[in-house]
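Enquirer: Whole structure, please, built from the sequences with the hints as guidance.
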Amino acid sequence: MTKYILWRLAGSVPLVLGIATIIFFLVNLAPGDPTLLLLSPGMNQEVVEQMRANFGLDQPVYIRYVKWLGAMLTGDFGYSFSHSRPVLEVIKGVLPNTLILSAFALVIAFVTGIVLGTIQAVRQYSLMDSTMSVVLLFFYSMPSFWLALMLILSLSLYARNVWDWPIWFPASGMTGVDHEFLSFAGRIQDRVMHLVLPTLSLSLVLTAGIARYMRASMLEVVRQDFVRTAHAKGLPERVVVFKHALRNALIPIITLVGLYIPVLFSGTVFIEMIFAWPGMGRTLFDAIFQRDYPVVMAGTFFFALMVVTANLVADVLYAVVDPRIRYE
Amino acid sequence: MSEMRGGRVLAAALPGLPQLLSGRWGVGTTALLTWIGMWWIVITKLDRIPAFFGGAWDEKLAVWTVLVALSTSGIWSWRDAGLERGPKVVGVSQWDLAVRAFSKNRTAVAGLIVIVGLYLIALVTPLIAPHDPNAQYDLLTNRLIGMSAAHPLGTDQFARDVLSRLLYGARISLTIGFVAVSISVTIGTLVGAIAGFLGGFVDGAIMRFVDMVISFPRLVLLITIIAIFQPSIFLIIAVLGLTLWPGTARIVRGEVLSLREREFVQAAEALGYPKRRIILRHLIPNALAPVIVAATLGMGNTIVLEAGLSFLGLGVQPPTASWGTMVAAGRNTLLTAWWLSTFPGLAIVFTVLSFNLVGDGLRDALDPRLRT
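Residue numbers (the numbering used here), protein chains in the order written: chain A, -8 to 319; chain B, 63 to 434.
These are calculated hints, taken from the structure and not from any lab test.
Glycine is no exception: its CB is placed at the ideal position from the N, C-alpha and C atoms.
Among the clues, some could well be false.
Stated by the list, open to error - Computed Cβ-Cβ distance ranges for the label pairs, DEER-style: (1) 308(A) x 261(B): 25 to 33 Å; (2) 154(B) x 267(A): 55 to 63 Å; (3) 229(A) x 141(B): 56 to 64 Å; (4) 120(A) x 154(B): 30 to 38 Å; (5) 209(B) x 17(A): 43 to 51 Å; (6) 125(A) x 244(B): 26 to 34 Å; (7) 114(A) x 240(B): 36 to 44 Å; (8) 39(A) x 117(B): 45 to 53 Å; (9) 40(A) x 209(B): 56 to 64 Å; (10) 102(A) x 141(B): 50 to 58 Å.
Expert: Below, the structure is given as structure tokens:
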């Protein structure tokens, strides 16, 4: 097992380096220059040159590449032009927020997806199965940004202003304006309330995909001989479903973790924009427009790194639960 | 014989009806709806049609689409009603079987009808749109009004007609989706087939590159590229097309790897055919089934992505109408004008839903193991 993990780890090192290289050249070969942001129209040409030299932008691109890669390997991601702080500090400030959001969304999506898919498979061809299939496909086809707006429209704006519901959810930020003055329990509640809509809009689309996959996987397992045997020896339905079928049907679902992580991170860009959530996606998006190259490169790199890690974890998990594929 | 004549009489009265009555509801509904819809356009927009023959290219396209759609549905239904229909015994190909399996799948056929309808509507949009999509009416009186007879889906913050913009937006979304997917499928198929067939170093290099591209969150990659250059429709199409292909390449490579060991490919190699011929004539046609499924599902995906980019202001630029920009435009007036964001979003959902239904149906129909 250790050997397998080490082998996989070694395999992802060139992958990560390759990704870093693509990011660097994509960003640095582009027209435009971060100093443009700091210039005022009447500036002396010498000052401009000096400024470019300060950022190291006067050197040829391949030298910058080697320097950047070397610095990055020692954990130095450079200095953000727009935040006027080291990039690592900027990312440290926003990464946890994105991770909270994605972790909640991922857990909720997988739990509900697996439950719904299993229910559908156990009651195949029933009215419930077909209704749920249609509803899930509807959500599966939905852009997350539109779902987010519709949730804000109904559960936040209309619930509060038009329908006068006792419960409505805040539509922006991580905490309310009065967060600092709340009791401990009040703060937790405030946080949770702010998490509801972003998590819901991120996870619903994923849930639909997972449930579809789970249903298919479960149906495949149910047809197999060992399930028939379990039925034949008179085990109760509950035991057959949970102990025999479900456990085996869950194995292919593990690969979905690796597949859905990039989708999830793409989703966070929209969701963080819409809900004013101070996370990686929004920071990266702003950085791109401010031509803040160090943040763009580091942000994209961290996203890609998380995807690679997620894939690695998924592969290792797969090897843990299914020993047949361990040493290929 | 009399049955045939009866069919022809029916077809002459209403194309599609004989097919509908004989149980082939998919083609029947398509022909019937096309016929009725196109006549409705001809009758209600008769005064606009003559000017359109000499108009801009999209106006010419619109009137010609109406004429072609009318004559095709009419002639096809007439001829089809006269054909002898018996059980076909000889020459049942894999594709025939797939078509038969697909047409039994009701939801998939419904999805296909919606897609055909959407493309027809997109083509005739200049004829049927009630207003100019970019015309601003009196801002004081016409801004953000709700649904009414003059503006069936209301107006936006610049007093433009939402329904017209929705119709024109369909053209953008469907075109971008189609072209981008065509590009990516072509590249992906070729690259995947070459990697799978040649193997060795070429395969390793290509597949490592594919792994890298797949490891990026797609949206982040797209935003970075588009923000670097100036956003335009052509850039969107190019970028979407050029970032989607790795998925297809993976699928095709997998298929080719197993096909390569099969006798007919080895025979072709033994005969000394050039590699190009083996890849193009022997490998790719036999690896196409999963590609078609992936392309159909990819259409939905691409339409959502294009809408997302436009939503972020990186896609189609204002004032050109696109579903994504329309959703974004309604963001600030959600409470006062809920219809602004809602309807374009629903349009996206139903379009993507149709593509997903067809994709699912194709997957079931093209996979012999799933056919019953």
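Enquirer: Taking the hints in turn, state whether each one holds.
Expert: Tested hints:
no.	hint	result
1	308(A) x 261(B): 25 to 33 Å	30 Å, holds
2	154(B) x 267(A): 55 to 63 Å	60 Å, holds
3	229(A) x 141(B): 56 to 64 Å	59 Å, holds
4	120(A) x 154(B): 30 to 38 Å	32 Å, holds
5	209(B) x 17(A): 43 to 51 Å	46 Å, holds
6	125(A) x 244(B): 26 to 34 Å	29 Å, holds
7	114(A) x 240(B): 36 to 44 Å	38 Å, holds
8	39(A) x 117(B): 45 to 53 Å	51 Å, holds
9	40(A) x 209(B): 56 to 64 Å	60 Å, holds
10	102(A) x 141(B): 50 to 58 Å	56 Å, holds
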